[in-house]
Each structure stands twice: as structure tokens, then as C-alpha cells.
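S.K.: Assemble the dimeric complex from its two separately framed chains, guided by the hints.
So you can see what is in the structure, the chains are spelled out below.
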Amino acid sequence: MQLAIRDDDIDPRELRDLFDAACELEDGARRDFLEEHCVGRTVLRERIEGLLSADTDAVADARWMVPALLCEAGRLAAEPELPFDRIGPYRVLSRIGAGGMGTVYLAERDYDGHIGRAAIKVIPRILADPENIDRFVRERHILARLNHPHIARMLDAGRTEDGVPWLAMEYVDGVPIEKFAKERGLQLKARLELFETICDAVMYAHRNLVVHRDLKPANILVTADGVVKLLDFGIAKLLSDTAAGGATSSAMMTPAYASPEQIAGGAITTSSDVYSLGVILYELISGEKCTVPRKRLKGDIENVVSMALRQEPERRYASAGDLGEDARRALEGFPVRARQDSLGYRTLRLFARRPIEFALLAAMSFAVCIAALLAFQQYREAQRRFAEVRATANSFLFGIDDALAGLPGTTRARMLVAQRGQQYLDTLASDRSSDMALKHELASGYRRFGDILGQPFGPNLGDVDGAARDYSKAEALFASIASAGRADAGVYIEWGQVLTDQCQIAIRQSASEKAIAYGEKAVQVLEKAVAFNPGSRDAEVALLRGRQALVLASLTRSLSNGSLAAYQEAASDAAEALKTARLLAGRYPGDETIQKALAAACEYQVYTWYDLRRVTVTARTNSDEVLLTREEVNITRGLFDRSPDHYRRQYADAYTDLALTLASAGEAAGAETAARESLRRFEESAGADRDDLEAFRDVAVAHWSLARAMAAGNHWPEAAAEYEKVAADYERLGKTNPADRHDQAIIEANDWLGAWYLKHGERARALGLYRSNIRALTGLNGADAVEALALDEERLGDALAPADPAGAVERYRDAAAIWKRLGDAGPLLPVDADRPKEVERKLSAFK
Amino acid sequence: MASSETSDSGEITQRLIRWRDGDESALEDLTRLVYAELRRLAAWMLKNERPGHTLQPTALVHELYLRLVPAPGIDWRCRSQFFSIAANVMRRILVDHARKRSAGKRTIEGPVVPGEETISLAGPDILEVDSALSRFAKHHPRQAQVVELRFFGGLTNEEIVETMRTSGEQVSLRTVERDWRFSRAWLQDAIGNPR
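As they're listed, the protein sequences go chains A and B. First residue of the first sequence? That's 11 in my numbering, and the numbers climb one at a time after it. First residue of the second sequence? That's 276 in my numbering, and the numbers climb one at a time after it.
To be clear, the hints were calculated from the coordinates, so they are not data collected in a lab. Glycine included, every Cβ here is placed at the ideal spot set by N, Cα and C. Any given hint could be a false lead.
What the hints assert, rightly or not - Some residues of chain A that are not near chain B, with every Cβ distance over 12 Å (derived): (1) ILE58; (2) VAL237; (3) ALA494; (4) GLU537; (5) ARG686.
As the list claims (entries may be wrong) - Chain A stretches covered by chain B per the calculated footprint, using a threshold of three residues with CB under 8 Å from any CB of chain B: (6) 25-39; (7) 60-70.
Unchecked claim - Simulated coverage check for chain B against chain A, where a stretch passes if three residues somewhere in it have a Cβ under 8 Å from a Cβ of chain A: (8) 359-371; (9) 426-434; (10) 437-445.
So that you can see chain B by itself, here it is in the shape it has in the complex (with noise of 0.2 Å):
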């Protein structure tokens, strides 16, 4: 299944529209596409990784968002807008996953065998961050979108000013730098402490 699908840009993009539209069903449609895409990030992290060698984050950042954001060139307005909707999909894709395989559910990847879940080494629960996430948003809302662009979308802080400055946030490149700063120490003081 995984290897036979391949993301064609326009695909997702034809998804994201239909599912920003209000078609739910074209999450599941999306979830496939994107879990391919990450397989094979994953299939490439194993091939290059070498002991003490880490891996660059941004540069693979890069490499997944581009096979799966319209080709550049686009209008920026349209990609801006791309990406704050693609934030939250990803959100929501990768919370819901977690929650089917916490659940012993099954999963496109197929059911969860008991006993054979691996721990992440690295990274975060997400559905921690998820649930800390909402709530925090409900006091500070700009800052909320900045952590789902840069951490659900894997924007860089440049590019989060240019989808901010679109959908008509005013915001500096200072702004989003202390904007992020402030939730990523909220939230790790959430997590960290839970109430």
C-alpha cells in the first residue's frame, strides 16, 4: 500500500481545498498521502543516518514540504494561505493517528500490535501538545497560530510572518521570535506540570 502511492502535489492540494471547504472525508484521503510521504522521509532517514552524524532538521523539513506544497512560483498569497491551512491538517492528522494508536485502534498502518510499540526516542506526545495547544489558545490566540505554524507546520519564523502578514495579522519577524519564545516556554511549563 505505501510504497505503490505517490503524492502528487496537485493531489494534496486538491484535498486540502475540499477539506478547508468543509468535506471531512478527504481527511482520510489526506492522512494516506501524507503517512506515504513520511515513510518514505523515513525510509531516507534510515538510509543517511550515521552515528554522531544528526540529521538536519530543516533541511528535511524542506524536502517533505516540498513534495507536498504547490510548486513555488504559485502566488504567494495562495501559498501563504497554503500553509496556515496545511498546519492544521497536519495537526489533525497526526492528533488523530496518535489517539487511534494510544486506542490499540487500527490505523492505515494496520492494527497495533500489543507489546510492539516503540517509543518515540525523541519528540514530544503529541497529543500532550494538542490538548495543552487548545487551551492556551483560548488566552493568547496569535500566539497559539504561531506555535501551529511552526511546530504542526514546520515553518520557519520568516515564513510565519509572510502566512500571518496574509490572512491580515500585522506581526515583525520580532513579534513571532518572542511570540514563539513565550508559548514554548507556556507549554512546556503545561506539560511539564500537569493540573
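With the rest of the complex left out, here is chain A (with noise of 0.2 Å):
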């Protein structure tokens, strides 16, 4: 240390002495003196002098005025004491914490010569009201009767001469789970093993009604001996029944792992407690925060995950056991109950939007509401309420910067963004005014983020459940707007747009008939668009927009539906898209939007009509499907043509359509040709960024029409290399994306690719690929899954009957059971209408 070397250099007394000596002396005086004093000798006058100096400082310092024990007594004047030595029939020792709802502390209480330790939790008198004390105390029997290992008891209760209201609970000496999990670095099964006994916990309450209401991490403590033990149960209601006033209920949960009812004041359940099981589970696989929009887990846990977290209380887990149950299911590779509906459909793609930059969606979202904000500033003259919204202007544009500072990474930014703009508005709206004006731009704000929240996050699919929320109260908006009368053209294209967005986002979730009501009501609305303002161009796309999102919907329907009006219906709401395409083409002969929009209602009519062949066995291609599809590879072309940076995965893609359409219709050659054009089409973007998956998606279906194409032309070992590219390509999808297990060509591959392996032998093989189906396709519950596994548990059948007779009957009583569930349903599809004969025939064969 350089001070040692310093002053071993120099001799103390010496210093001293001339320290002081100096010291008394004035500025010129001492400059003098030590120039003599400290000849030659630069080490030490810099010594000298830096003392000096510091004399200077220490003289004004407090510090030393004031001796050590004095400034502790100040210490403890500054810290708050106890306010109690005692609490009820307990000693208190200390305080171990505090918070929103009152302070806890540690307290001990002589039980017949050996102590025991409580944590005692004190709400604070000013929030509590006298009447509701007693209740307090009374309720506290409820709680009392909870008893199990992992719930860290209710002791007693009661309050103090002060009429102030005290718990007393088991003290649990732990750190929280998450800090626990952290400090031992344990692995996943041990996290889920943690979660699962919490779960238990849980239930146990529930069957005892009682809600826990705050649980997070910090209510859930282990021990050193790792054992885990819940706290606060039921307090969080009865505190809050104690607490005087509404202002105390927003502080009694935690936000981020309140449900979503929760936050909105409505009625709590033991569905809310299965939501913040869900954000704790998260949080314990992911180790991150659990945001909105988060990021999705790899695997069936996030199937379990969503599941617990949906915004609806009723469609999520029914119980924390069942949540507890599916996260090790999950872990140990059976299938959960949170599934997908119906087989992974290529078209959905069509949907994904560019994401918006972050620069543009603040800029968009500021835009927002400063519109909204100049609407309610005409609106409402009183300068008082003008202030409170500036305020929250204010706040939203620089309340921004200091929040984003300290933000990891900005999709936490993005959503703050999106978050306070909602906000703003719903503080907006919740005026109730009746102003046309006001209504319109807090509904085109509502869209907005609507559109926003839709976005693609990076690699996450964005908040679908939030931009459904929003755009609820957009169309709510603009249904008021239009039901007083006051709707211009311009309304209802709005309103017919979000109808549109909203038709599509239940798409997104898998809810095909809500989707196909929102599609319908969609069209109706611009249909009145376009009857009011003919020749506007905006009506008629809005409204070819919405007939293709009916489309989509009618389509996803046929598939989990599975009757056969679904496929006919399907199939002329793309006629009736297809039509008004080429209407608006006719009209605006080369508007790039309306090309767009074009090709798609081409592939998709060939896609209805496809589907509908197989339904109905007609075998026989519609020569127009060859035509559209033709059609539709010129259309994407010359949109390449003019900007191929945006249009490029689209001709790629108007080329796997040809090969399918070819190959289907028994031209082999061109149906080759078409499929490799597109793969290597897929194969020059997918080459450059390895770890896009979309891509990669692009490939896979690329190397099945090339399948296709190949079968068509009966070139077996080609068509069989090909499809064993096809199931490579998706075991790697499947890996992180559950949903491409089950995808239509996966299943397809594996079918074909059995059949190919009984044909030469390898039983084992094509045994391991019908088994495989079957497990992919178990728990689904859309009608062409259902359907899919009941075709390949007869050819699993098939396959064993030679050599296992006993498996084989069991296979097919499954293949049979499921055609009379479906049957029961109603009419099973011309395509199916032979098969519960003919598995009854082959099952008497065994008999």
C-alpha cells in the first residue's frame, strides 16, 4: 500500500512535528517554512501538504465533532423502533419485514418451557376499519382449519388493547423459491417437482374454499431442508375485508402475478390462483420475468403454460392439480391436455405481418393519442379536467425515457409503450362522453394498438389476447357510433376493418366459429361501406379483406368441424372472394394491393376445392384448379418482378401450390418442375440465415410437393427419399414447435412412408412411424386430427395383425371406437363413409 511505503520513508515524529508547526502558520508564511524545512525532500512536503489540506476539510467535518457513540444513538433515533414488546401472549424480537398491507415481525411465545417462533403480521390502524376487526378475528377459524405439510399454519389472531389487528403465523425460515432454485442451481426436474407439491398445496386449500389471491414468490418460501411452504393464504381477503375503503384493494396483489380479472376488480376464483401458478411456473422454467408479451418456452410446457395463463378464467386448468399434473407430463414426454385443435394448416401462414420497428410503433402510438387527446381537448373546455390529461400526456411521453433507461432489452420497452397508450385511452374513455368525434379516435386508437399488440415481437407472435382486447372495444366503439345514427363511410370502413382484424386473431386462437361470426359480420358491415360511398376504392379492398379473412375462417372451420357442409361452404366463400378479386383487378388494373389480394383468393379457392374433392372422393381434378393455380404463379411473378424483396417467399410459394395442383391432377412432369423451382427457390433464403424457422418451414413444404410430385409419377425410392426429407425437416420443427408434430405433412410422410416400409419388409420400421401418428395426434380434438388417428390406428392394425394378433384387435376396437364418436356427432364424410365397415370386417376376421 503506498501510504505504508510513504510513511515508513518517513520518520513519524518528524512529520508531526513539522505538521503541526506548519499548521499554525498563515498560507505565505507556511509556504516558506516548508520550502526550508523540506529540502530535497519532495516526498515528504507533499506528505505535509496533503495533510494540510485534509486539516482543513476534517475541521468542518461533523464526523469528528461527534463522537462514535453519539452518531450511533443518532443512527438508532433515525430507524424506526418497535412499537411493540409484546403482541398478544407473544414476545417480539425483531421486525422482518413490510409491506404494502402492514409489518410483519418475528416473535417467540413460552409453550410449557420450550419457545416457539411465530411471524406475527400487524396491519396498520389507519387502514383498519373498527367494525370489520371483529370479523377479522372471527374469520380467522376459516383459515385456522388449513393443515397441511407445505401451508405454513394460522396460529391465532386477535388484536391488541389499541383495537390494532394481528395474525400469527408458523414462521418459516426460507429464502423464496425462485432465490432458492437460483442459489442451488436446480436442474428442471427438480423445479418442476417443487411445483408440482405446490400445486397440491394449492388444491388442498381449494377443496377447504380457500382462495390464496397473492400468491407469487415471495409467499412461497423453502427451507434449508427444501422444504416448501406456501404463506398468506386467505390473508390477502381478509385484510383487504378489514382495510377501511376501496383504495387498499389495488395494494393487496401483486400485478405481475395478479389475473387478468384480478386487476379489473371482478370476481376472484380459484381460477385466478391457477393463473399465478401459471406466471410461477414460467418464471421457475424460464428463470425471466413473466411480460406481456412473453417469450414462448420451448416445448409442451408452453402449451401448459398458455393453458394456465389464458385470459378467460374458464378456459383455463380446471384445477391447480391438473396444472401441477400437466407440468410433469410434460417434463417427462407424455402428452399434456393443452393442445392445439385440429392439424398445423401451411395457409395460416399467410398471416404473419411484418414487424413494425420500435422507433415507428412509439411514433405510431404517441400519434395515437395525441389525436385522441386534441378530439377530447375540443370536446371538454374545463381547464381542470384539461389538466389532469396533460398530465397524463406528460407523464406518457416522459414518464417513457425513464422507464425505458432501465429496461432489459426492448420488447419490455415495446410493451411499455403499448401499455401506457391504453392506458391513456381507457382513462379517455372511461368519460362516457357521448361526443361522435371523441368515440371515433378512441376507437381508431384502440385498432391501433390493437394492430400493435398483433405484432410480432422478434421471434414471439405477439400478445394475440391483448390485441383481441383491444380491438373489442374499438368495434364496441364503433357499433355505438353507428347504432346512434351518426356512421359515415368512413366509419363503417373502420369498423368493418376491425371486424376483419378480429375475425382473424380468433383465427390466431383457434376459435374458428368466433372467427367466422366476426368474418360474416365483417362483410355485412363493408358491404354498407361500399353501398355508401360507391367507386371508393378503400371500401371495396376493406371489403375483399374481409371476405378473405371469412375465407380463412371457413377453412379452418371445415377442418375442425369436419362435416361436409363445412367444406361446401368453405369452398363457395371463396368463390364469392375470387369474384370480387377479379371485380376490383377489372377496376384497378395493377394497384399491387389488390394484386395481392388476387393470388391469394386463386389459392385459396384451389385450396377449398382441393379439400372438398378428398371429402367427397372426387377423384378427378377440376381443370379450372390447374388454371387458377397458374394463374396465381403469374400474378406473384410479376409482383416479384416489380419488388422481389417483398414478394419472393410469395412466388416461392405460388410454386409448391403448382406442384401440389399438378401432381394432383396427374401431370408428373410439370408437377417435378414446379416443386423444384420452388425449392430452390426456398433453399436460396433459407441458406442465408440459418435459424430462421420460417424459412426452414418454407423447405419442408417445398420437399413434400417435390413428394408429391414424385408419387404422382409413381417414382417410389424417389417419392420415398423425398418424404424421409419431409419427416427429417419436421422432427427438427417439432422440436421447438409443438404444433408442427402434428402438422398435416408430418403426418402425411409418416403414413406414406409406412406403407413404403411394409411394402419391403421393414416392419419394425413402418410400426415406429404409425405409433408415432398416433402419439402426435392423441388429445386433438379439431375433426381432421380425430379423423387422421383413426386411420392410422387401423393401419397400425394392419401392420401388427400378421404377427400380433391381440395388438392388432386392440388397434382397431380403438379405430372403431372413435368412427362411433364421430359417427354420434353426425354424418361421417363420404371419404370415411366405408371405414366402420370396414374395420368391423377385419375385427371379426380375429374372432
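M.R.: Below you can see the structure in the form of C-alpha cells.
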């Protein structure tokens, strides 16, 4: 250390003496003195000068004026004292926590010679309404009944002489669960085991009619021995009932873990606890905070988390026990209860939107709010209100900067911007004004936020549920403007657009009936818009988009509903859309948006025809199908030539469609050419970015179309090779995205390859593939998936029959049961009509 | 706990003697007793504090020490000796306590609640002073003794003179004053410029 070296070189006594002498002198005399006595000894001189300077500081420094003991007394004076020595029969030892709804003390009590400890929670008198305190004390009995090894017991309750209510609970010496998991470096299995224990405990309480209401890591402690204990069960309710006024209810929960209905102030049920458990599960698995929108987890566990975090309570897990069990099943690789509805369908990719840049997003949000503010300004003259609003706007503007500064990553920042903006709109909307201009502004604002939320943020899919909420608010406002008879063409157009957006969101949420309802309404409203404003391009384009959304909804419904009528309806909706598209293309030739829509309309029509043919066993391809697909290729080529970057994918996609159509028309050579063309283009795009899963999926689909082309030309070995590629591609995709495990393409590939292996005597491999399909399809409840499952059960039975009759019988029985179930629900599709009889026949062969 | 303990000066003296004679366990009792007194003093400070009206340090310290030290009238020699031991013990108590608090461990006041640490409004970081003082004592032992008596013991310069004389150091008041000034500058420099 430098100091030691310095002082070692200096004679301490001399240092002191010189210092003493110098500090008595004035500046000038001082300098002379030092020069005289420190000749040639710069180190000494510097040291003394340093000390002299410190001396000046020290004289003014309070620390040397007050002896240490006094300082310590002062520090104690500044710290709050324990207000209690005793609480009830307990001796207070120290304070262990303080929160929004009270302080917690560590206390002990003598029980026949041995000392028991407790954590005593006291709510500040200021919050307690005297009338409720009695109820507080009475109701403790309910909580005291909870007797579970993983729930901290409630020991006692009462009130002090001053009337302060208190609760004594079992003292748990532990750390919050996320801290425990981190410190111990717990692996996934151990974490999930802890989680399941927690769910068990919550279940127990629910069975005893106690809802926790405030589940969060801070309330879940783990002792050094690894024992989990849940704290504060039901306390939130007890204390919130005891506290006076509504002001405290918002302090009673931790927003990050609270369910939507809790935040909205609605009814709280056991589902609210399930929601909180979902958040906790997410954080336990990922180690990150559960933001909105959150980063998706990998694997089935994502489905589990999603189901727990559903906005509507009734769509969540019915019980905490189910959640815990499903979490464990996800870990062990068993199928979980929470699943997508039907086979993945590639058309849904058409709705992936281009992400909005963050800066633009912020600007958009801001612009929306300013527009609303101006409308508000015009509406309300009152100064007071305006000042309030302006304060909110300011905090939106300036508060954002502060918030952004500390945030990790732009995703949170984006979310914050959107959140603030929405809150702002909510503030204005709560004004309940009947001013139409204001309503219109608000509605547009909500719609904009819906768009923002629905955007993919990086690798995420966006907050679909949040977007749905905003769209609903917008829609309601538009509807009310219309019902007041004040709607102009502009309002109808926007209203129709919101309904279109809602339709698309519902498709993404796998709610196809809801999607159709929105789509039909959208078309209805937009037809009015066109009628009100003939010749308006905006209105016509909006109507076309609405029709297309409806087609997609129809298509999705036909897959999950599975009735012949649904397929027919989808085909006719597609025809309507195509008609509208052609009309518009004729009226606005060369318009890029309309061209794009026309290409999509061609594509949809071809799909719906194809599906209809499949289910009605109409073998021959409608020649229009090929024509339409070629038209799709031509249109997208035109768009691609104009802007290659924007339409690269659509153009390559069109070739895939052409390949599939030509293959089913039996034009094998043409199909192969088209397939290779699309494959080449997609491989070029995918090559650039190894991690782009969307690009990888494109390649997988291109392999699939080539496989079909090969099969159509009877080039069996080549087809097999391509199907193998498809299987490998989807295995990789399925690792990160569960929906890809049951995509149409992989199911078909496995079926085809199964038949191929059987032909070549490789029975074991065939069995493996059929079993793989069955595993992927079990638990799905879309009609197309159920149908595929029945077919695969039958195939597996066929494959087992020669060597394992008992196994085969089991499979045939499963297939028969499925057909019966489907048949009870409604008439089977023509293509499936013979299957039940066939399966029966095969079964009877074994009797 | 705090309020139910009274400090009988006899109690404290006894424990000080035990500690001086090598009984480390006496320190814990002493700490508790001292802190009881400190808390009482703190409460008094709160009651008597008025805005703009600073408390008189000397008066307070005497108030405190009256409770801690043996009754006046006792032999000079004993009293002075007592002071030096007391000052040393106070240093030890405060430093130990400060170490525990900064490590977040339980002290007799109870475990530290994270985020509830109040920052000392006036006053040094005890640990810093203690560590600098130990270094200081290597080259300037008598001066370090002065610091300990004054800063940790709370004695006036006159009392320091008496104490040191009793233990054999021949000092004058002037010497003590100069010692204190030098030490103060040295410590200020050391704490202000950590090396």
C-alpha cells in the first residue's frame, strides 16, 4: 500500500512536528516554512501538504465533532423502533418485513418451557375499520383449519389493547422459491417437483374453499432442508375485508402475478390462483420474468403455461392439481391436456405480418394518443380536466424515458409504450362522453393498439389476447357510433376493418366459430360501406380483405368441424372472394394491393376445392384448379418482378401450390419441375439465415410438394427419399414448435413411408412411424385430426395383424370407437363412409 | 427486550472488568447493555429534537456516560483506567455491530431487513475509521490512543490528559490538542483518499 511505503520513508516524529508547526502558520509563511525544512525531500513535503489540506476539511467535517457513540445513538434515532414489546401472548423480537398491507414481526412464546416462534402480521391501524376487525378475528377460524405440511399454519389472531388487529402464523425460515432454485442450481426436474408440491397445496386449500389471491414467489418459501411452505393463504381476502375503503384493494396484490380479472376488479375464484401459478411456473422454468408478451417456452410446457395464463378464467386449468400434473407430464414427454385444435395448416402462414420497427411503433402510439387528446381537447373546455389529461400525456411522454432507461431489452420497452398508451385511452374512454368525434378517435386508437400488440415482437408471436381485447373495445365504440345513426362511410370502413382483424385474431386463437361470426359481420358492415360510398377504393379493398378473412375462417372451421357442409361453405366463400377480387382487379389494373389479394384469392379457391374433392372422393381434378394455380403463379411473378424483396416468398409459394395441383391432376412432369423450382428458391432464402424457422418450414413444405410430385409419377424410391426429408425436417421443427409435430405434412409422410416400409418387409420401422403419428394425434380434438387418428389406428392394426393379433385387435377396437364417436356427432364424410364397416370386418376376422 | 433492561452501572463495571481480564463472553452482555442505553438516548433525542435546534453533543455524551461509568467520587485512578478500557470496548462493540449489519446478519436488534437500511445522516463509517485507525497506530501509537479515547470514548481533552497520565504517559493538554489535530487530519486524508 502506497501510504505505508510513504510513511515508512518518513520519520513519524518529524512528520508530526512539521505538521504541527506548519498548521499554525498562514499561507505565505507556511510555504516558506515548508521550503526551508523540506529541501530536497519532495515526498515529505507532499505528504505534509496533503495533511494540511485534509486538516482544513476535517475542521469542518461533522464526523469528528460528534463521538462515535453519539453517532450510533443518532442512527438508532433515525431508525424506526419496534412499536411493540408484546403482541397477545407473544414476545416481539424484531421486525422481519414491511409491505403494502402491514408489517411482519418475528416473535416467540413460551409453551410449557419450550419456545415457539411465530411470524406476526399487523395491519396499520390507519387501514383498519373497527367494524371489520371483529369479523377479522372471527374468520380466522377458517384459515386456522388449513392443516397441510406445505402450508404455513395460522396459529392465532386477535387485537392489541389499542385495537390493532394481528395474525400469528407459523414462522418459516426460508428463502423465496426462485432464489432457492437459483442458489441451489436446481435442474428442471427438481423445479417441476417443487412446483407440483405447490400445486398440491393450493389444491388442498381450494378444496377447503380458501383462495390464496396473492400467490407469488415471495409467498413461497423453501427452507434449508428443501421443504416448501406457502405463506399467507387467504390473508389477502381477510385483510382486504378488514381494511377501510376501496383504496387498499389495489395494494393487496402484486400486479405481475395477478390474474386479469383481479386487476380488473372482478370476481376472484380458484382460477385466479391457477393464473398466478402459471406465472410462477413460467418464471421457474425460464428464469425470466413473465412479461406481456412473453417469450415462448420450448416444448409442450409452453402449452401448459399458455393454458394456465388464458385471459378467460373458464378456459384455464380447472384445478391447480391438473396444472401441476400437466407440468409433470410435459417434463416426462407424455401428451398434455392443453393442445392445439387441429392439424397444422400451412395457409395460416399467410397471416404472418411484417414486424413494425420499434421507433415507428413508439411514434404510432404517440400519434394515436395525441389525436385522441386533441379530440378530447375540443370536447372539453374545463381547465381542470384538461390539466389532468395533459399531465397524463406528459407522463406518457416523459415517464417513458425513465422507464426505458432501466429496462432490459426493447421488448419490454415496446410493451410499456403500448401499455401506457392503452391506459391513456382507457382514461379518456372512461369519461363516457357521447361526443362522436371523440369516440371515433378512441376507437381508431384502440384499433391501432390492437395492431401493435398483434405484431410479432422478434421471435414471439405477439400478444394475441391483448390485441383481441383492444379490438373489442374499438368494435364496441364503432358499433355504438353506428347505432346512434352517426356513422359515415369512414366509420363503416374502419368498423369493418376491426371486425376483419378480430376474425384473424380468432383464427390465431383457434376459435373458428368465433372467427366466422366476426368474418360474416365484417362482410355485412363492409358491404354497407361500399353501398354508402360507391367507387371508393378503400371501401372495396376493405370488403375484399374481409371476405378473405372469412374464407380463412371457413377453411379452418371445416378442418376442425369436419362436416361436409362446412367444406362446401368454405368453397363457396372462396368463390365469392375470388369474384370480388376479379372485379377490383379489373377496375384498378396494376394496383399492387389488389393484385396480391387476387393471388391469395386464387390460392384459397384452389385449396377449398381440393379439400372438397378429397372428402367427397371426387378423383378427377377440376381443370379450373390448374388454371387458377397458374394464374396465381403469373400474378406473383409480376409482383416479384416489381419488388423482389417483398414477394420472394409468395412467388416461391405459388410454385409449391402449382406442384401440388399438378400432382393431383396427374401431370407428374410438370409437378416435378414446379416443385424443384420452389425448392430451389426456398433453399436460397433459407441458406442466408440458418436460424430462421419460417424459412426452414418453407423448405420442408417444398420437399413435401416434390414428394407428391414423385409419387404422382410413380417414382417410388425418389418419393420415399423426399418423404424421408420431410420427416427429418419436421422432426427438427417439432422440437421447438409443438404444432409442427402434427402438421399435415408429417402425418402424411409417416403414413406414406409406413406403407413403403411394409412393402419392403421393414415392419418394425413402419410400426414406429404409425405409432409416432398416433402419439402426435392423440388429444387433438379437431375433426381432421380425429379422422387421421382413426385411420392410423387402423393402419397400425393392419401392420400388427400378421405377427401380433392381440395388438391388432386392440387397434381396430380403438379405430372403431373413434368412428362411432364421430358418427354419433353427425354424418360421416363421404370419404370416410366405408371405414366403420371395414374396421368391423377386420375385427370379425379375428374372432 | 430493549425496554425491560436497565443498566445498573455496577453491572456494566462488572462486565468491563471481566472483559478486561480476558472473558470474551462478557462482550455480548456489554453490547446489549450499551445498546439499551443508546436506544434510550435515541428516544430522548427524538423527543427533544426541534428544527433548527441542534443537540449539544457534549451534554449528551455526559448524559450517556453518567449511566455507563461508575459513580463519581470513586478513586481517580480507577476512573481513568475505566475510561480507557471503556473507550476500547466501545470501539469494539460499535465495530462488531457495524460489521454484522453490513453483512446482513442478525444483530441483537434483529435481522436486517433488506432495503430498510437507513443511511446515517451524520457520522462516519465506523468500519472505515476503525481500519484507518489501526493502520495509523503502527506509526503513531500515542496519537491513536488519543483518537480512541476521544472518538470512541467520547472524552474531552482534559479527561484524556488525566487518563493518559494515570496510565503513565506524561502529556500536557497542549500535547493532546496537537495530537488530536494531527490525527484528525491524517484520518481524514486516509478515509477520503483510499489507497
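S.K.: Now, for every hint given, state plainly whether the structure supports it.
M.R.: Outcome of the hint check:
A beta-carbon of chain B comes within 12 Å of the beta-carbon of ILE58/A; the shortest separation is about 10 Å. Consistency note on VAL237/A: stated as away from chain B, and its beta-carbon is indeed over 12 Å from all of that chain's, at 20 Å minimum. The claim that ALA494/A lies off the interface holds: its Cβ sits roughly 53 Å from the closest Cβ of chain B, which is beyond the 12 Å cut-off. The claim that GLU537/A lies off the interface holds: its Cβ sits roughly 61 Å from the closest Cβ of chain B, which is beyond the 12 Å cut-off.
Against chain B, the non-interface label of ARG686/A holds: every CB pair exceeds 12 Å, the least being about 65 Å. Chain B is given as covering the stretch 25-39 of chain A, and this holds because 4 residues of the stretch bring a CB closer than 8 Å to a CB of that chain, at least three being needed. For the stretch 60-70 of chain A, the assignment as covered by chain B holds, since 8 residues bring a beta-carbon within under 8 Å of that chain's beta-carbons and 3 suffice. Judged by the Cβ-Cβ criterion of 8 Å, the stretch 359-371 of chain B is covered by chain A as claimed, because 3 of its residues qualify and three suffice.
Taking a C-beta to C-beta cut-off of 8 Å, the stretch 426-434 of chain B contributes 4 residues in contact with chain A, enough for the three needed, and the coverage statement holds. For the stretch 437-445 of chain B, the stated coverage by chain A is not satisfied: 0 residues place a CB nearer than 8 Å to a CB of that chain, which falls below the threshold of 3.
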